[in-house]
Amino acid sequence: MSLVTDAFVSQIAAVEPWPENAALYQPLKSEQVLLSDNASCLAVQAFLKMCNLPVQVVCRANAEYMSPSGKVPFIHVGNQVISELGPIVQFVKAKGHSLSDGLDEVQRAEMKAYMELVNNMLLTAELYIQWCDEATLEEITQPRYSFPYSWPLNYFLVFQRKWEIKRKMKAIGWATKTLEQVFEDVDQCCQALSQRLGTQPYFFNKQPTELDALVFGHLFTILTTQLTNDELQEKVKNYSNLIAFCRRIEQHYFEDHDSSISSSTKLSKGPTLP
Amino acid sequence: MCLTGISGQMWANRSRVPSGTPMMELRCWGGDWGLPSVHPECLVVLAYARFAGAPLKVTPIDYTWASPKGTVPLLTSAGEDISQPANILNFLRKQKYNADYVLSAKEGSDTLAYIALLEEKLLPAVLHTFWVDTDNYCSVTRPWYASRTPFPLNYYLPGRMSRDALNRILVTKGQPPLYCLTEVEAQLYKDAKECLNLISNRLGTAQYFFGSTPTSLDAFVFGFLAPLYKAHLPKVNLQQHLKQLSNLCHFCDHILSTYFVSDDAGTSAAGQEAIDANLQKLTQLVNKESNLIEKMDDNLRRSPQNRPQKLSTLKPGGGAENTLSH
Numbered sequence: 001m002s003l004v005t006d007a008f009v010s011q012i013a014a015v016e017p018w019p020e021n022a023a024l025y026q027p028l029k030s031e032q033v034l035l036s037d038n039a040s041c042l043a044v045q046a047f048l049k050m051c052n053l054p055v056q057v058v059c060r061a062n063a064e065y066m067s068p069s070g071k072v073p074f075i076h077v078g079n080q081v082i083s084e085l086g087p088i089v090q091f092v093k094a095k096g097h098s099l100s101d102g103l104d105e106v107q108r109a110e111m112k113a114y115m116e117l118v119n120n121m122l123l124t125a126e127l128y129i130q131w132c133d134e135a136t137l138e139e140i141t142q143p144r145y146s147f148p149y150s151w152p153l154n155y156f157l158v159f160q161r162k163w164e165i166k167r168k169m170k171a172i173g174w175a176t177k178t179l180e181q182v183f184e185d186v187d188q189c190c191q192a193l194s195q196r197l198g199t200q201p202y203f204f205n206k207q208p209t210e211l212d213a214l215v216f217g218h219l220f221t222i223l224t225t226q227l228t229n230d231e232l233q234e235k236v237k238n239y240s241n242l243i244a245f246c247r248r249i250e251q252h253y254f255e256d257h258d259s260s261i262s263s264s265t266k267l268s269k270g271p272t273l274p
Numbered sequence: 001m002c003l004t005g006i007s008g009q010m011w012a013n014r015s016r017v018p019s020g021t022p023m024m025e026l027r028c029w030g031g032d033w034g035l036p037s038v039h040p041e042c043l044v045v046l047a048y049a050r051f052a053g054a055p056l057k058v059t060p061i062d063y064t065w066a067s068p069k070g071t072v073p074l075l076t077s078a079g080e081d082i083s084q085p086a087n088i089l090n091f092l093r094k095q096k097y098n099a100d101y102v103l104s105a106k107e108g109s110d111t112l113a114y115i116a117l118l119e120e121k122l123l124p125a126v127l128h129t130f131w132v133d134t135d136n137y138c139s140v141t142r143p144w145y146a147s148r149t150p151f152p153l154n155y156y157l158p159g160r161m162s163r164d165a166l167n168r169i170l171v172t173k174g175q176p177p178l179y180c181l182t183e184v185e186a187q188l189y190k191d192a193k194e195c196l197n198l199i200s201n202r203l204g205t206a207q208y209f210f211g212s213t214p215t216s217l218d219a220f221v222f223g224f225l226a227p228l229y230k231a232h233l234p235k236v237n238l239q240q241h242l243k244q245l246s247n248l249c250h251f252c253d254h255i256l257s258t259y260f261v262s263d264d265a266g267t268s269a270a271g272q273e274a275i276d277a278n279l280q281k282l283t284q285l286v287n288k289e290s291n292l293i294e295k296m297d298d299n300l301r302r303s304p305q306n307r308p309q310k311l312s313t314l315k316p317g318g319g320a321e322n323t324l325s326h
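Chains as they are written, first to last, in UniProt numbering: chain A, 1 to 274; chain B, 1 to 326.
Simulated from the structure, these hints should not be mistaken for lab results.
Bear in mind the structure is a predicted one, so any value in this text is a computation, not a measurement.
The reader is advised that the hints may include incorrect statements.
[As the list claims (entries may be wrong)] Restraint-style ranges between C-beta atoms, simulated for each label pair:
no., chain 1, residue 1, chain 2, residue 2, range
1, B, A78, A, K166, 48 to 56 Å
2, A, R167, B, D81, 19 to 27 Å
3, B, N87, A, R167, 20 to 28 Å
4, B, M23, A, G173, 20 to 28 Å
5, A, W151, B, K57, 53 to 61 Å
6, B, K190, A, E255, 35 to 43 Å
7, B, E107, A, R167, 30 to 38 Å
8, B, E107, A, E234, 21 to 29 Å
[Said to hold, decoys possible] The calculated DSSO-like cross-link candidates involving lysine-lysine, where the alpha carbons are at most 30 Å apart (straight line), are:
no., chain 1, residue 1, chain 2, residue 2
9, A, K166, B, K190
10, A, K206, B, K106
11, B, K190, A, K170
12, A, K235, B, K190
13, A, K162, A, K29
14, B, K190, A, K93
15, A, K177, B, K106
16, B, K106, A, K29
[As the list claims (entries may be wrong)] Quick look at which bits of chain B chain A covers, simulated, 3 or more residues with Cβ under 8 Å:
no., segment
17, 103-115
18, 119-127
19, 198-211
Backbone N, C-alpha and C define an ideal beta-carbon position, used for all residues, glycine too.
Just chain B, with the same shape it has in the complex (with noise of 0.2 Å):
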């Protein structure tokens, strides 16, 4: 096991180091209920950068004005600037920070439905909740963005927020030329329980939605759930329902205890957070690596030159060499 380690570490200077990547800056909502972020789209980048391994500086921000169109997340590198969870993580892939390798052309393509899923069915009901429905905004949602911004804007961009999810919903699920939220309402949250019966189906058991290593859609999913499990919202009509699927609440807990051990403690030392961080990434590596010498070593097992070999046990230190070899 030690050898792997080793050629793991090794692959990971190699191909962090020629590759130069200027720093890259995320900007989005600050932590807070246990969690990295409170905001959805911003956990997703959180989530998928953790699971990939990149090596963001994390900005909290505070002054929504100081990015070029008020837009969160943004992702800033090498004076470009990118919006939008599905634009940062294209980026990310393109910056070799890819989570998403181990996956087949066909679970490439659910990926892509099932994000279609959660976009169409669940998020509209996760922005009700927290910003359209009134007890949740006045007494969570409102207290905690505002305490966020700095003077004028405080008064101002919770409610432009709270107006544009309204506006999304409306525009989306209501009928013209009447837009009428009372008769939306119902269907929205069948919709979206039933989106999370069927997500909760579709994890079962495993401990991630394709195999062992989280990919983008559990990113997307993380993110679009762990704020409805952990806010301490006063209206609980879909929170209720998320708690009963214990496999979805099982999935963010392991997630958050997995990936985002050190934001626990809240704003902890920068340093400790980028060793942890660090020290998450190579054991990704090592396990990547771990896996890939599996998989060569039962690739040799099976050619026919090798038949002599011993069969039984999985040396790690051959496979190593094997790896180097090829």
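Pulled out of the complex, with its shape left as it was, chain A reads as follows (with noise of 0.2 Å):
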């Protein structure tokens, strides 16, 4: 997106109110989505239910490239469509919903560098092993990629896919690791995760942030999802601190709605909902 349009985009984005009907769209989630899809896709959710902002979503199979660019989820407002976590929470902004607004200059700073760890480590490091790894892709990356299409278009599309990212990995100097050296780096982002947030119940304090959306999308996800073999969770599994952080959102923003209207109300600082 240009920095023309972006402004431009905000600039509407304050003047309409958040719609009733606005939709959030994913892959399919029983037969399709991969981990990493996934975690971006409960990421965005989770920062949506924080903000109190109703959503409704909706699963298709190509959501991929319904979405304006390439990645899921993206979500549809009014006349606009944005994708990525990143873009979704400048958009929300603009209509005068914020989870960073108290954060002073310093915490906004240590804010963004942790997301930029999570997306490093852990996004990289869910995309290698989806992708790189030559059992997970047979047994599950494969399979669940190529679910909507028939023969030859599903070899062809994991191909593309596959190359893409392995381009990638060679461009930030992770195509010579080996999936030990992964897990390790999986490790030292969670033990860095789990020191930052210490005995706190968010990553900054009482107030959850969209740091803490994107961390619970992803450790979630991991922590939730069935791979060829259990090493993956088990070094999440390591951290107790984030295992009740997870569960404590989960509880918080996915089960118990009542009382996730109640608290989130207070957080809104915008225009009140209809």
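Each of the two chains sits in its own frame; use the hints to bring them together as a complex.
Encoded structure:
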């Protein structure tokens, strides 16, 4: 998105309130979605729930091709279509809902830094395991990714995506890493997150921010997804405060709906919703 | 103060001799523009080595093909080759050259996070500024690297580095299947400027990121920022933004003047350089030691049996005795 359209979008967004028929598009849950995509989708869902913005989740087999950036998830709000967490956070902020307004400059820098840590390590590790580990690729990624397509498209699309990811891994120097080194990186990242969280309920104490949504999306997905082996899960399970953190957000925002509404209304500073 | 100095020196000797570290040689791109190296990743390693007091034999390379995989910076120690800044820093830490031992667990996590921020948001724009932007590449980067590369390679190597940089930017920031640079550029610089602002806010008025001693995060920030700050570029988009953030500029200048004094004169005599490096290492150790003593003094003063002692003045002599007795 260019800067001009960026500014234009935020100007328009500020005028209109959040509509009731907002929709979030993501791949099919049980048959299609992959680890990394599921993490991103869950992060955006958690973020919107934390903002107390209602959104209808729509599963589509071709969500990836509907998205303006080619990445899932994306939201359809009024006349706007926005994909991925970063731009969605900006868009929602333009509408007057923000989770990070209460932070000072240093805390905001810290929040962005930890968000990049998650993207840099956890997301890249998920992509690596999905597409570069042969066992996972053959058993899980290939059948799931090619689920909606018939021969020969199923082979072609998997090949194309695999090639893209391998090119990316090569460019950032991950191509030479072994699976063991990748697990070590995940462990290092979890350790950093665990130490940063400490005994607080959220990363910046009592108020959840987009960082909490992002971390929840990734860790919860890793904890609840069955892969070819449990090694990735085990790395996260070593950190009890991270598990408690995931549990807390799950209960607060995904199970017990009444309490989530009452507590989130305190957080949203924008116009009250119908 | 004199006693502290001696004990610091003793400690230095004790720590250096028995460990018997084999010679460590670092191959990296040479210096210019008042910097010890013009290459960000080499600069990270050089800065960290100075912060930790690691004795490196620095060989500015002319022949990138002479290093096994053509990767720079490359640390060679006892026949072992280590590439990539993060791995080299880890290796140095294992050799007891640790600049991060003052950090708490949470600060260690912060270091990791900020390095990720730099790599994701700032590095792509720095690569673009030096290697992809046509004006800068043709008038500064290519001539510089070509002049340090021997004959047939000088036509090939800068071009390959430029293609690698472009590829990295497109693959990580572009959108498949049509990787288009113009769409990416605006976002790239916007992200980088935001990242510079965040780092500037984080640093504030402090001298280093975590207290009074430099750590790995300082090495990374310095390595990524200093070339951008010092290079004479025709296109100054990102550079101008950096120069407006005076605390980051001070930060770079301060590290250059404190840790890289001898290198300013260009290629000075190797002996003089080694003496300077040793002196710096020594002062650093003395500083660390006196910090330690201060802490111990504090602890002693707080402990009940030492109540009757004079509390107002800090006596380094007494402190040194305390360290020895512990």
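For each hint, the structure was consulted:
1. Separation of A78/B from K166/A is about 34 Å and departs from the stated range, judged on CB atoms against 48 to 56 Å.
2. Range check, R167/A to D81/B: about 26 Å between beta-carbon atoms, so the 19 to 27 Å window is met.
3. Between N87/B and R167/A the beta carbon distance is about 23 Å. The supplied range of 20 to 28 Å therefore holds.
4. Look at M23/B against G173/A: about 27 Å separates their beta carbons, and that is inside 20 to 28 Å.
5. A hinted range of 53 to 61 Å holds for the C-beta pair W151/A and K57/B, which are about 60 Å apart.
6. A beta carbon spacing of about 38 Å between K190/B and E255/A agrees with the range 35 to 43 Å that was offered as a hint.
7. Between E107/B and R167/A, the C-beta spacing of about 36 Å keeps the proposed range 30 to 38 Å intact.
8. The given range of 21 to 29 Å is respected by E107/B and E234/A, whose C-beta atoms sit roughly 27 Å from each other.
9. For the proposed pair K166/A and K190/B, the alpha carbon gap of about 27 Å is at most 30 Å, so the pair holds.
10. Pair hint K206/A plus K106/B holds up; C-alpha atoms about 18 Å apart against a cutoff of 30 Å.
11. Distance restraint check for K190/B and K170/A: the Cα-Cα separation of roughly 25 Å lies within the 30 Å cut-off, and the hinted pair is therefore satisfied.
12. With a CA separation close to 35 Å, the supplied pair K235/A and K190/B exceeds the 30 Å bound.
13. The suggested pairing of K162/A with K29/A holds, with an alpha-carbon distance near 21 Å, which does not exceed 30 Å.
14. Restraint check for K190/B and K93/A: satisfied, since their Cα atoms lie roughly 18 Å apart, inside the 30 Å limit.
15. Of the pairs offered as hints, the one joining K177/A and K106/B holds, with about 27 Å between alpha carbons and a cut-off of 30 Å not exceeded.
16. For the suggested pair K106/B and K29/A, the alpha carbons sit about 36 Å apart, so the restraint of at most 30 Å is broken.
17. With a threshold of 8 Å between beta carbons, the proposed coverage of the segment 103-115 of chain B by chain A holds, since 8 of its residues qualify and at least three are required.
18. Evaluation of the coverage hint for the segment 119-127 of chain B: fulfilled, as 3 residues show C-beta separations to chain A shorter than 8 Å, against a requirement of three.
19. Evaluation of the coverage hint for the segment 198-211 of chain B: fulfilled, as 5 residues show C-beta separations to chain A shorter than 8 Å, against a requirement of three.
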